[in-house]
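Starting from the known structure of chain A, fit chain B onto it as the hints suggest.
Listed in order, the protein sequences are those of chains A and B. The first sequence lines up with residues 138 to 536 when you count with this note's numbering. The second sequence lines up with residues 1141 to 1208 when you count with this note's numbering.
Keep in mind that the hints were calculated from the coordinates and are not lab data. Keep in mind that the hints are not guaranteed to be accurate.
With the Cβ distance kept under 7 Å, some of the chain A side facing chain B (calculated, not the full set) [as the list claims (entries may be wrong)]:
#1 Thr158
#2 Ala269
#3 Arg273
#4 Asp431
#5 Ala438
#6 Pro453
#7 Trp458
#8 Gly506
#9 Pro508
#10 Ile511
Ideal placement from N, C-alpha and C gives every residue a C-beta, glycine not left out.
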Amino acid sequence: MEDPGVVIIGGGLAGQRCAETLRRRGYEHPIRIVCAESDAPYDRPPLSKDVLAGATEPEEVAFRPAWWYEEKQVDLLLGCRAKSLDPRQRTVALEGGGELRYGELLIATGSAARRLPFLEGFENVHYLRTLADSRRLRDELVPGARLGIIGAGFIGQEVAATALRAGVEVTMIEALEAPLAGIVGERVGGWFADLHRSEGVTMRLATMLEGARGNGSVEELVLAGGERVAFDSVVVGIGSAPATQWLQGSGLETDGVKTDAAGRTRLPDVYAAGDAAASFDPRLGVHARAEHWDAAAWQGAAVARSMLGDYPGTPPLPSFWSDQYDVRIQYVGHAGRADGVYIEGDPGERDFTAVFTQGAVPVAGVAVGRPRSIPRLRDKIERGHFPAAHIEQEEARAA
Amino acid sequence: MSYVPTIDPGACAAHGDCVDIAPEVFRLDEVAVVIGTGPDDLILDAAAACPSVAITVVDDASGETVYP
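With the rest of the complex left out, here is chain A:
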């Protein structure tokens, strides 16, 4: 019987990188990618920036042109969703009927935005996950429009920066005392609040929402305490949850599929990567969802290497970046366990590095307008995690 090949569920970055790496390494059997959206796989970071600003056309964000998929014999099943996984039969059932048999399976279904129940059904409420979401929001970002952004995470902040540049009046509403306080602490979080304030965003921090008023579309948001604020459009950016409910009954976790560092799940020939996966982090010794572009890219390629029996490599230190108001913000490491932070440079000039330490050892850093500080920081953090490996490297260099 013919090898059914690799089936990839999810047409995002992780799935794309897996397919590319398989073909690059000479894999000759069929590759099929099941994509829930009607667009071929595309890059998501521009959705809150250039695509939203209208500076990049949606078709420009496709990872590859249509001919690439033909030439590489990678079949895209667009507008198609997986319904369930049967690991005994080695099949994935599809919504709307039919099933796919796999030799190896990659679960790369990504994540879905967390939703606010009291905003369901309003037509001017936006979540930003897909190209279609970005296009729809873009039409409402007209000069003078009043935009309310719920949640001051990176998506909310990037949308704020883009909308402000488009002449929109922006208010950000955040439950915490400072944006990203849960990740970078209140001190560095406070810098993010100042950044947006100085550009003209109204920041409503430590502010809870009570509800919304309007008929068909939101007219006002009601803040805790009863204050009402009028908006023309609302964007909700309060995090995401892994899109893995379809795995119910398969034996795999439905709250992020646990994998080893090479992307293997507990089921034979079944792998997971990207936002859908909670991969083992060798530095922290725990399974964790990374939810970053860099992690999805690496994990997708690592799974391809694992499928082929090649060495998958060591996962890189977590890192992500954000571009706002022409400032590049970069992050490396794990700040979650930090007990201290020190700052080098001048936050007022948007030129500084915040180094997070745990017992005086650097564990993470945020660089603002200072990309040059990243390699040194990365090196310092890695020394803390893998001192022996670094000593070996230096001995090799000295020899």
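Okay, now just chain B, sitting in the frame of chain A:
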């Protein structure tokens, strides 16, 4: 044309920004690789654009690291 880039394969996440800026200098495999040479300012632009800061640029004439 005395700037020589190298890529840290452990840091490169294959964003591809360097390839967009200087396709004659960089190519994207599983990570980016250096395939040629080009104008100094183009190499410096590519290094500065890398979201992962994975590109080091050395001035071959002086031996000094010019980026990062």
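Going through the hints against the structure:
1. Thr158: Result: holds, 6 Å to nearest chain B Cβ.
2. Ala269: At 24 Å from the nearest chain B Cβ, A/Ala269 fails the 7 Å test, so the hint is violated.
3. Arg273: violated, 27 Å
4. Asp431: holds, 4 Å
5. Ala438: holds, 6 Å
6. Pro453: This interface hint holds because 6 Å falls under the 7 Å limit.
7. Trp458: holds, 4 Å
8. Gly506: Status violated, d = 11 Å.
9. Pro508: Status holds, d = 5 Å.
10. Ile511: holds, 4 Å
The earlier numbered hints that this structure contradicts are 2, 3, 8.
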